[in-house]
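Engineer: The primary structure of each chain is shown beneath.
Number of protein chains: 2
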Amino acid sequence: MTLWTLFFKNSNILSEENSTQKKDILLIKDIKYKNKLVEVYLSTNKNINLSDLEKLCDSVGWLRRPIKKVKTAIQNSFLIVSLIQKIDGKACLIGFARATSDYAFNATIWDVVVHPDFQGQGLGKILVHEIIKELRSYEINTITLFADPEVVVFYNNLGFVSDPNGIKGMFWYPK
Amino acid sequence: MTLWTLFFKNSNILSEENSTQKKDILLIKDIKYKNKLVEVYLSTNKNINLSDLEKLCDSVGWLRRPIKKVKTAIQNSFLIVSLIQKIDGKACLIGFARATSDYAFNATIWDVVVHPDFQGQGLGKILVHEIIKELRSYEINTITLFADPEVVVFYNNLGFVSDPNGIKGMFWYPK
Chain A
1 MTLWTLFFKN SNILSEENST QKKDILLIKD IKYKNKLVEV YLSTNKNINL
51 SDLEKLCDSV GWLRRPIKKV KTAIQNSFLI VSLIQKIDGK ACLIGFARAT
101 SDYAFNATIW DVVVHPDFQG QGLGKILVHE IIKELRSYEI NTITLFADPE
151 VVVFYNNLGF VSDPNGIKGM FWYPK
Chain B
1 MTLWTLFFKN SNILSEENST QKKDILLIKD IKYKNKLVEV YLSTNKNINL
51 SDLEKLCDSV GWLRRPIKKV KTAIQNSFLI VSLIQKIDGK ACLIGFARAT
101 SDYAFNATIW DVVVHPDFQG QGLGKILVHE IIKELRSYEI NTITLFADPE
151 VVVFYNNLGF VSDPNGIKGM FWYPK
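Chain order of the listed sequences is A and B.
Quick note on the working numbering: the first sequence kicks off at 1 and runs consecutively.
Quick note on the working numbering: the second sequence kicks off at 1 and runs consecutively.
If we strip away everything but chain A, and leave its shape as in the complex, we get (with noise of 0.2 Å):
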């Protein structure tokens, strides 16, 4: 099968009663895992399982969240976006991104996650094209995000420049 070939309908993998997104679910991609071809699926439907949510990040090594504020930052990023895999019938989260905007003209890019078991197969590269994709269908054409050292050169490659003309990135951390 292609890669970003065919449009998926009537899918049963996740929820899709309540969304608000204008698309939930796409089949984009075969991928390795465990000798096996599985099959990859994209969704930007914000009613994910938050649980899931909180083992594909375990998964990675990053501290636990409150669950009910990761619920709350989900439901007010202007975007969300997930992969699902499919195996034997049972649905996994296995990468997520989500982005705040102010719907016109600026967007930053958070929380951006492949499980380990895929990485190195192009998923984080298609999580972020698909938030530069929707982004960009409203017309928002400044794209931010901050990016820790080792993957400077991943959203290098993605087209994102460091401090273009001397821009800093800064942070505020309570005392």
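Honestly, the hints are just simulated from the structure, not real lab data.
Warning: the hint list may mix true and false statements.
Same chains, same names: a pair is fine if it fits in one copy or spans any two.
Claimed, not checked - The calculated lysine-lysine pairs, modelled on DSS-like cross-linking and capped at a C-alpha distance of 30 Å, are:
#, residue 1, residue 2
1, K55, K69
2, K68, K46
3, K125, K175
4, K133, K175
5, K133, K69
6, K32, K133
7, K68, K133
8, K55, K133
With the hints as your guide, set chain B onto chain A.
Structural biologist: Frame of chain A, contents of chain B only:
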């Protein structure tokens, strides 16, 4: 009159109809303008006059942006803060800043502007302090911004740190 002193009620400077903000106007400071002391008010009301905002942005030489998109951006910002001066019974917008957020973990400050006639009197600091205070009231811990080189020291003095732990601010623009 001392600074940061009086909670100002019943102001007619801005329409407070339909406001969802928890407070609208505080009397914050008497500042100098053409050898007079003028009163300056702080508001978090999103119903600001967009033509006044355009004039304020013109005064610092920013590129004009479509009014309709500015309205969308304000409505979808987590918070806006305005400074209004009142002289001879007339109100005038002299400062503005806003922030996007997920209402839980992260926020990004955008569009901090003070009219050139009122710069150098601490109003930029008041705008940013007010945004930090509001964000902290929601227990939002990561407050970010992108600073042009000439204002990096200004934000350093307000407690912002550039590139903490090597984290880089990155931008993607349409080709």
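Engineer: Run every hint past the structure and note whether it holds.
Structural biologist: Here is what the structure says about each hint:
Proximity of K55 and K69 under a CA criterion of 30 Å is satisfied intra-copy only: 16 Å inside one chain copy versus 38 Å between copies. Taking the shortest alpha-carbon separations for K68 and K46, both the intra-copy value of 14 Å and the inter-copy value of 27 Å come in at or below 30 Å. For the identical chains of this complex, K125 and K175 are inter-copy neighbours only, at 18 Å across copies versus 35 Å inside a copy, given an alpha-carbon limit of 30 Å. Taking the closest pair of Cα atoms, K133 and K175 come within 30 Å of each other only across two copies (13 Å); inside a single copy the shortest separation is 38 Å, beyond that limit.
Taking identical chains as interchangeable, the C-alpha atoms of K133 and K69 lie at most 30 Å apart whether they share a chain (27 Å) or sit on different chains (19 Å). Taking the closest pair of Cα atoms, K32 and K133 come within 30 Å of each other only inside a single copy of the chain (25 Å); across copies the shortest separation is 48 Å, beyond that limit. Taking the shortest alpha-carbon separations for K68 and K133, both the intra-copy value of 29 Å and the inter-copy value of 22 Å come in at or below 30 Å. In this homomeric assembly, K55 and K133 come within 30 Å of each other (Cα to Cα) only inside a single copy, at 27 Å, whereas the closest approach across copies is 33 Å.
When each numbered hint is compared with the structure, no violation occurs for any of them.
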